[in-house]
Amino acid sequence: MLQAIAFYTIAAFILGFAVLVVTTKDTVHSVLFLVLDFLFVAALYVMLNAQFLAVIQILVYAGGIVVLYLFVVMLVNLKRPPEAHSDPHRMTKFGFGLAAAVLIELGAILVSGYMKAPAVAATATEASMPVSGNTEQVGWLLYTSYLIPFEIASMLLLVAMIGAIVLAKREL
Amino acid sequence: MIDQFLIPLIKILIVLNATLVGVSYMTLLERKVIAWVQSRLGPMRVGPQGVLQPIADAVKLMLKEDITPTKADRWVFTAAPVISMVPALIVYAVIPFGPTVHLFGRDVSLYITDVNVGLLYIVSVASVGVYGIILAGYASNSKFPLLASLRASAQLISYEIAVTMTLVSVILVAGSLSMVSIVNAQYNSRVWFGFVQPVAFVIFFIGSLAETNRAPFDLPEAEQELTGGFHTEYSGMRFALFFLAEYANMIVVSSVATTLFFGGWLRPFPNVSALHFLGVVPSWMWFLIKSFVFLYIFIWVRATLPRYRYDQLMRLGWKVLIPLAIANLVVTGIVKVMLF
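Just so you know, the sequences run in chain order A and B.
Those letters in the first sequence? Residues 1 to 172, by the numbering used here.
Those letters in the second sequence? Residues 173 to 512, by the numbering used here.
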C-alpha cells in the first residue's frame with residue numbers, strides 16, 4: 001500500500017515535470033525541470049532497490065550531461081520565442097503518426113505484461129549469482145550475461161569520442 | 173521504533189547542527205589564521221580574542237536587506253542558494269564519524285547510514301551542487317556573475333573527472349564503495365591508503381581545492397577581476413547560504429580525504445598493541461582531528477599561494493591531473509590483478 005502510494009506520487013512528479021520540460025517558454029527553466037525529472041527517476045530506482053543505478057542516474061544525467069546542456073543553453077542566445085519560429089519543413093502529421101505508434105506499442109507491452117506471471121525470471125537470476133550487494137551484482141551481470149552488449153556499448157562511446165575530436169580538430 | 177526513527181533523527185540533528193556551528197567557526201579560523209600569516213591580529217573586538225565574531229556576522233547577515241535585482245530571473249535567483257546548500261549538507265548522511273559504539277545501553281553507530289554505494293552517492297550529490305553556482309550566475313542577469321559562473325562550471329566539470337578517477341583507484345584497493353567498509357579495509361590491510369595511493373591522494377587534494385573553489389583555484393570568486401564573483405548580486409542571508417555551502421563543502425572533502433586516505437576514525441597504527449594507550453582518545457575525536465588538519469591546510473594554502481590564471485588552471489586539470497589519474501588507475505589495476 002505504502003509502496004503504491006510512493007510509486008504513484010513519484011510517477012506523477014516524473015510525468016508532471018516531463019510536461020513542464022516541453023511546455024516552458026524559458027529554455028533554462030526547461031533544462032531545470034529536466035534535472036528534477038531525472039532526480040525523481042532516480043527516486044524510482046531507489047524504490048526498486050537499485051541504488052547503484054539511482055546514483056549513476058544522478059551522477060551521469062543530472063550531474064553531468066544536463067550541466068553541459070545548461071552550458072550550451074546559456075551560451076547560445078535564444079532571444080526568439082519558440083512560437084515566432086515557424087519551420088516550413090515541419091512534419092506535424094508524421095510526428096503524430098510516430099507518437100501514435102509508440103502509444104500502441106506501450107499499450108501492447110502493458111497488456112502482455114498483465115498476461116504473464118511477473119518477476120519469476122528476476123528472482124531466479126539473483127539467486128544464482130555468486131556475489132551479494134547491488135554494485136557487485138551489476139558488475140557480475142555486465143561481465144557474464146551481458147558481456148557483448150556491454151563491449152559494443154563501450155565501442156560506440158569510444159567511436160563517438162573520437163568522432164567529436166575529429167570534428168572539433170579538423171587540422172589535426 | 174526507537175532504533176528505526178528516533179535514533180537516526182537525533183543523529184541527523186546533531187550532525188546538521190555541528191556542521192553549521194563548525195562552518196561558522198571555520199570562517200573565524202580562516203580569518204585568524206590568515207591574519208597570523210600576515211602578522212595581523214584578525215577579529216579581536218567581539219568577545220575575547222574575537223570568538224563571538226561568527227555570531228555577530230550571522231546576526232548582521234540576517235538583518236541585512238534581501239535584494240533581488242529587477243531584471244533577475246526571480247525563481248531561479250531564489251532557488252540557487254538553496255540548490256548549492258542542500259547537496260553540501262545531505263552528503264553528511266554517509267560520512268562515518270566513528271564505528272558502532274555502546275551508548276546508553278544500546279549499540280549506536282556513529283554514522284547516519286552506511287549504504288552500499290556511499291562513495292558514489294557523495295560524488296553524485298557533489299555533482300548536483302554545481303547547479304547552484306551556474307544558476308546563481310545566470311539568474312542574476314548581470315555580466316560579472318555570468319562570467320564567474322561560466323568559469324566555475326568549466327572548472328568544476330574538468331576537475332570532477334580527475335577527482336573521480338582517483339576515487340576509483342581507492343575503490344579498487346579497498347574493494348568496496350561503502351565508506352565504513354573502506355575504513356575497515358584500511359584496518360585489515362594495516363596501512364592507511366594514503367601511503368598505498370600517494371599519487372591518488374595528491375591529485376584528490378589538488379582537485380578538491382578546485383572543486384570547493386578555494387585558493388589557488390578561486391577563479392569563480394576572484395574579487396579583483398569579477399567584482400565578487402557569481403554571488404555579486406546576492407545580499408543578506410542568500411549570500412550567507414553560498415558562503416556556508418562553500419565551507420560545508422570544505423568540511424565534506426576533508427572528511428572524505430580522512431576516510432579514504434587516512435584511516436577515518438582509526439587511531440594511528442591501529443594494529444600495534446604497544447600504542448594501545450592512544451585508544452583513550454575516542455574514535456570520533458581522531459576523525460575530527462584528522463579532518464581539522466586538512467581544513468587547516470586548506471587555509472594555509474590560501475594564505476600562501478597566488479591565484480592561478482584561467483588557462484593555467486585548465487592546462488593543469490586536463491593535461492596533468494587527468495592523464496596522471498588515469499595512469500594511476502591503470503597501474504593500480506595491474507598491480508592488484510598481478511599481486512592479489
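These are calculated hints, taken from the structure and not from any lab test.
Incorrect hints may have been included.
As the list claims (entries may be wrong) - Here are the simulated DMTMM-like pairs of lysine to aspartate or glutamate, each with C-alpha atoms no more than 25 Å apart in a straight line: (1) B:K315 - B:E202; (2) B:K315 - B:D390; (3) B:K315 - B:E237; (4) B:K491 - B:D390; (5) B:K204 - B:D279; (6) A:K169 - B:D483; (7) B:K204 - B:D286; (8) A:K25 - B:D245; (9) B:K236 - B:D286; (10) A:K116 - A:E105; (11) B:K508 - A:E136; (12) B:K491 - A:E136; (13) B:K315 - A:D26; (14) B:K243 - A:E105; (15) B:K243 - B:D483; (16) B:K183 - B:D245; (17) A:K93 - A:E105; (18) B:K508 - A:E171.
Keep in mind it's a predicted model, so treat the numbers as computed, not measured.
Hints versus structure:
no., hint, in the structure
1, B:K315 - B:E202, "violated, 29 Å"
2, B:K315 - B:D390, "holds, 18 Å"
3, B:K315 - B:E237, "holds, 22 Å"
4, B:K491 - B:D390, "holds, 20 Å"
5, B:K204 - B:D279, "violated, 40 Å"
6, A:K169 - B:D483, "holds, 19 Å"
7, B:K204 - B:D286, "violated, 36 Å"
8, A:K25 - B:D245, "holds, 13 Å"
9, B:K236 - B:D286, "violated, 40 Å"
10, A:K116 - A:E105, "holds, 17 Å"
11, B:K508 - A:E136, "holds, 17 Å"
12, B:K491 - A:E136, "violated, 33 Å"
13, B:K315 - A:D26, "holds, 19 Å"
14, B:K243 - A:E105, "violated, 46 Å"
15, B:K243 - B:D483, "violated, 32 Å"
16, B:K183 - B:D245, "violated, 37 Å"
17, A:K93 - A:E105, "holds, 18 Å"
18, B:K508 - A:E171, "violated, 40 Å"
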